[in-house]
Amino acid sequence: MCLAVPGKILSICGDDLTRSGKVSFGGVVKEVSLAYVPEARVGNYVIVHVGFAIAILDEAEAEQTLRDLAQMTLVVGAGLCD
Amino acid sequence: MKFVNEFRDAKLAQQLAQEIASIVTQAWTIMEICGGQTHAIVKYGIDELLPNQITLIHGPGCPVCVTPIESIDRAISIATQPNVILCSFGDMLRVPGSGIDLLTAKATGADIRIIYSPLDCLKIAQENPDKQVVFFAIGFETTVPATAMTIDRAKKLDLQNFSMLVSHVLVPPAMEAILGSPDCCIQGFLAAGHVCAVMGYNEYIPIAHKYRVPIVVTGFEPLDVLQGIHICVRQLESGTAKVENQYTRAVRREGNPTAMQLIGEVFEIVPQQWRGIGEIAQSGLGLQAKYAAFDAQTRFPLTSAGKDDKHCAEAAGCISGQILQGLKKPHECAAFGTVCTPEHPLGAPMVSSEGACAAYYHYRQHQT
Ligand code: SF4
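So the protein sequences, as listed, match chains A and B.
Numbering of the first sequence is given in my numbering, commencing with residue 1 and proceeding in unit increments.
Numbering of the second sequence is given in my numbering, commencing with residue 83 and proceeding in unit increments.
Bound conformation, chain B alone (with noise of 0.2 Å):
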């Protein structure tokens, strides 16, 4: 057992749609949260696979999609300024701001470095005392767990030269967001397996039962997602809207307490900017109290010329906020394919390997 390719087999994914086809009475719209589900079912073809009668609406499951203008526009002005050294993600760096993005500031002289763990920031904090090392920390509660062992031990090592720029988000309260918006077309979920792997799926039985929504915990391989599908229609079907977990080889009911209680010793949940929808009420992480010497955002005030910088729009002709909503597929953009490109990208989903338009780019250009 590798856990890779036995959920990839071909075989049984194709009888699996069968399958599916077979339980299908009438058509039902079901989102998949996660851009790593989104890639999947580019990427192998899963949606068509599926019967006509069902639609997969792709959801804001994308951390560099959804990481706020505003918040990318205050790493740069912090990366430009003297002995500093900023630390990101790869993927972020070439996500636009509203004017450049982090690999631009880089190219003319910010110390702009890209790590893999979180971790790699203390070591560089270490290694140059004269420097202030600052962590971009993005990402959804899969990346949190690492965010918080990170500045916990920063905390312990009494670095002074380390903080950190927070702009978590939090996946329930965007569902909500989602279902409660009065033009909501989703009638059944795939809950991120990842996620659910670090805070269980507790949280998600009131929103099933508030809203009438199957919600389905899945996997990110082939016949995972195919598998969630079906316990999803099978639910809508029936008539019924509750939890079911597809992913049991990986997420238990409680999550991973040993995370979760780190989590809330570090983060206390505060309102969120998400790039592409807005203001979402209690679904972003701030630094707790006794964490707060660790806030770039207090470490680097903003300037006054930054303060009222309200230039944070889309570049021109990028739909990317209807992308993030589910509203448009990528090929209905004018500029997908043409003047936006993964090597030009104009907007944060043609970016990330999660974002939709890359995984159209890379694997549907014969809709185009």
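Bound-form chain A, shown alone (with noise of 0.2 Å):
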């Protein structure tokens, strides 16, 4: 139940605690709840926990994420993830 995957929010109705959305995980979509994400746009990207969306994904962060990733080394090495 707490395997949260990053879901893209398709559209938005209603406002403060009744604030809702079409929420897209991999074209799976879900109703969800998105009055703890006020600030959160169409298109956005939220991490959801039994249908409330509790953190909006920043994309800018998760960009330097991997740039300090890809900065720490050059070497090559062999598969691990499927």
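Derived by calculation from the structure, the hints in this document are not laboratory data.
Worth double-checking, as some hints may not be accurate.
Label pairs and their calculated CB-CB ranges [stated by the list, open to error]:
#1 B:T385 to A:A60: 55 to 65 Å
#2 B:D377 to A:V29: 52 to 62 Å
#3 A:A60 to B:P383: 27 to 37 Å
#4 B:G346 to A:E39: 28 to 38 Å
#5 A:Q64 to B:D212: 50 to 60 Å
Okay, derived cross-link-like pairs now, DSSO-like style, lysine-lysine, Cα gap no bigger than 27 Å in a straight line [to be verified]:
#6 A:K30 to B:K205
#7 A:K22 to B:K188
#8 B:K93 to B:K125
#9 B:K213 to B:K238
#10 B:K238 to A:K22
#11 B:K410 to B:K125
#12 B:K324 to B:K237
#13 B:K205 to A:K22
#14 A:K8 to B:K292
#15 A:K8 to B:K125
#16 B:K372 to B:K238
#17 B:K324 to B:K292
#18 A:K8 to B:K205
#19 A:K30 to B:K292
#20 B:K125 to B:K372
#21 B:K188 to B:K205
#22 B:K237 to B:K213
#23 A:K30 to B:K84
#24 A:K22 to B:K237
#25 B:K238 to A:K30
Heads up, the beta-carbon is just placed ideally off N, CA and C, and yes, glycines get one too.
These two chains come separately, so use the hints to put the complex back together.
Below is the structure:
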């Protein structure tokens, strides 16, 4: 129940505590409460737990993390992930 | 940017593991708190990729695993009363209580429903005015915002036939309990990214300071976990012990203020039992007085038969307490993969995908 995957906001309706929207998880669309992410916009990616978005994913921060990782070393390794 | 595949790059993962190997000069033991991270570590073989000096210990961060047997028994006893609909998350149904699990109660006639969001319970309550609808609310800080909003909305709707059996648990007091134990061998922590997305990480600063342990707020993808370990090892090697945030794309230091505000209005901090661990002071949540009408514990008082029911032991042979405290690995349990499987779980860690036993069963059969 805690394995939250990021979802993309497709639409938003309502306001304040009844704010909700349609969120796509790799094509599977679910109705999600957006009450806790008042600044979220259509197109943003959010982390959702049991039907509630709890955080917006920050694209600039994500890119910075990937840049930091890439800079660490240039050694090429073997496959790990599926 | 889809925030998934970018953080699963195989080449980068390999490089990161080599980078960690290049800075390690001695043995270190690090605990990942969250079952989601345990799952990623076992699935992607992150522990096998790391230098031998690094030992990862799996923490208690599996919500259904630490829900006390007494709460499960209580949920079953409520669900089997007439005119009651009990709602919970799917994972919870197969976790054994002291006798049966919720699924067995359902099979024998109790009206038990699996919900995706706690808000679904409100709809069920409105559609069934002649029934009492009870939500079995379990989980860590990640699930609490959903529970808080549900109870707040129930109050605004003045729903008379809805209540909650609350069994929420909080991470920082559990970390302190682990660190304060005399045989604690943990030298660094990966804190659970999504818990911190809700609560921020200010609470961890005094813990890092008091126990001299680095605490790294870490995400769930393989590269997140490896980077979290890298940051932790860098601190350990240089003798520092502070809180750092690897998961900057989701976690802000102050957390989610909207969620924290409603949580504070609805809940107060109380002592809490953890399955396999025991009671931890100030590690659970109870409803504030103004929401007391929604407390299933008062709406369904224990009968005298249930009151001194002390048969709350684990199934014989199940060492889940030691698994949850990181003292043993799943394949060290004699029942693992033989009498205990995900189809027939003896203990909670074999049920949920966040449970260490289930993760080892799915991805580590070769070690048994
Ligand atoms: S393998 Fe099964 S019996 Fe053994 S500790 Fe895990 S849940 Fe308990």
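Straight-line alpha-carbon gap K324 of chain B to K237 of chain B, limit 27 Å: violated (41 Å)
Hinted pair K8 of chain A and K125 of chain B, Cα distance within 27 Å: Holds, because 25 Å separates the two Cα atoms, which is no more than 27 Å.
Hinted pair K372 of chain B and K238 of chain B, Cα distance within 27 Å: holds (12 Å)
Agreement of K410 of chain B and K125 of chain B with the hint, judged by alpha carbon distance not exceeding 27 Å: Holds, because 19 Å separates the two Cα atoms, which is no more than 27 Å.
Proposed proximity, K213 of chain B with K237 of chain B (alpha carbon, max 27 Å): Holds, at roughly 17 Å.
27 Å Cα cutoff - pair K324 of chain B, K292 of chain B: Roughly 10 Å between the alpha carbons, so the hint for K324 of chain B and K292 of chain B holds.
Hinted pair K8 of chain A and K205 of chain B, Cα distance within 27 Å: holds (25 Å)
Given pair status - K237 of chain B, K22 of chain A, alpha carbons within 27 Å: holds (26 Å)
Restraint status (C-alpha distance of K22 of chain A to K188 of chain B at most 27 Å): The given pair, whose Cα atoms are some 32 Å apart, is violated under the 27 Å limit.
Straight-line alpha-carbon gap K238 of chain B to K22 of chain A, limit 27 Å: holds (24 Å)
K205 of chain B paired with K22 of chain A [C-alpha distance capped at 27 Å]: holds (18 Å)
Distance restraint evaluation - D377 of chain B, V29 of chain A, Cβ atoms, bounds 52 to 62 Å: For D377 of chain B and V29 of chain A the Cβ distance comes to about 35 Å; the hint is violated.
Violated hints, listed in ascending order, are 2, 3, 4, 7, 12, 14, 19, 20; each of the other numbered hints is respected by the structure.
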